[in-house]
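Could you build the full structure based on these sequences and the hints that come with them?
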Amino acid sequence: AQSVTQLGSHVSVSEGALVLLRCNYSSSVPPYLFWYVQYPNQGLQLLLKYTTGATLVKGINGFEAEFKKSETSFHLTKPSAHMSDAAEYFCAVSDEDTDKLIFGTGTRLQVFP
Amino acid sequence: DAGVIQSPRHEVTEMGQEVTLRCKPISGHDYLFWYRQTMMRGLELLIYFNNNVPIDDSGMPEDRFSAKMPNASFSTLKIQPSEPRDSAVYFCASSPAGRGIGTEAFFGQGTRLTVV
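In the order they appear, the protein sequences are chains A and B. With the numbering used here, the residue at position 34 of the first sequence is 34, and numbering never jumps. Residues are numbered in the numbering used here as their position in the second sequence, beginning at 1, plus a constant of 113.
These are computed hints drawn from the structure, not numbers from a lab. Don't be surprised by glycine CBs; every beta carbon is placed ideally from N, CA and C.
Mimicking DMTMM-like on lysine to aspartate or glutamate, the simulated pairs with C-alpha atoms at most 25 Å apart in a straight line are:
(1) A:K49 <-> B:D143
(2) A:K49 <-> A:D85
(3) B:K137 <-> B:D169
(4) B:K181 <-> A:D97
(5) A:K49 <-> B:E157
Ranges of calculated distance between the beta carbons of each label pair, as one might list FRET restraints:
(6) A:R108 <-> B:T133: 23 to 33 Å
(7) A:P30 <-> B:S186: 30 to 40 Å
(8) B:E157 <-> A:K69: 23 to 33 Å
(9) A:L18 <-> B:N184: 44 to 54 Å
(10) A:R108 <-> B:D176: 31 to 41 Å
(11) B:P167 <-> A:G16: 46 to 56 Å
(12) A:E71 <-> B:E157: 19 to 29 Å
(13) B:E157 <-> A:D97: 14 to 24 Å
(14) B:T189 <-> A:P40: 20 to 30 Å
(15) B:P194 <-> A:K69: 44 to 54 Å
(16) B:G116 <-> A:P40: 11 to 21 Å
(17) A:P30 <-> B:I168: 21 to 31 Å
(18) A:M83 <-> B:R135: 28 to 38 Å
(19) A:S84 <-> B:N164: 30 to 40 Å
Quick look at the structure:
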């Protein structure tokens, strides 16, 4: 069965600094991978997804993620953090057998001025 | 489309009362998911439907929880009787047919349930 692990429940960066949120997956088949963002008191919103093809995926708000099969990773990055990026970020994998989305435990990003 | 619509946005109820949460998925989406989010347990999948049929309810915590999808445009999650430990944010999400093509789920705004 597929699963995802997010390393670091909290990440703090200064405004303008690089954002790196880590996600490792476990899957016996090529996975479909997702990053979602949740702003306070909001539902989850899709940032980006990887299905097939190009391993570097660009999403909304300047975020991107790279699928690395050799490392079983799908880390989320943004070159320069903005205050508005403060939110909780969830990595997810689609379970091909059951169509369920399996979420990681989330990483809360804080951005300091 | 207005997206996934959940009601109510907030619900405060007394222990022992019945609570019903409602969800209208995006038109044309074949899958509907109910999730629960708490600080302690994160985001948990409770149950999901495909074409109005419950496929996997293994995440439903107890018999006090039940979910129905009488038609393609409406689903309910009921808790009876409610307990303080049920306090959480409950999300509904819908997705187009996803097997093999990695389509994402679209989430509603959630219902914040407080049981006192």
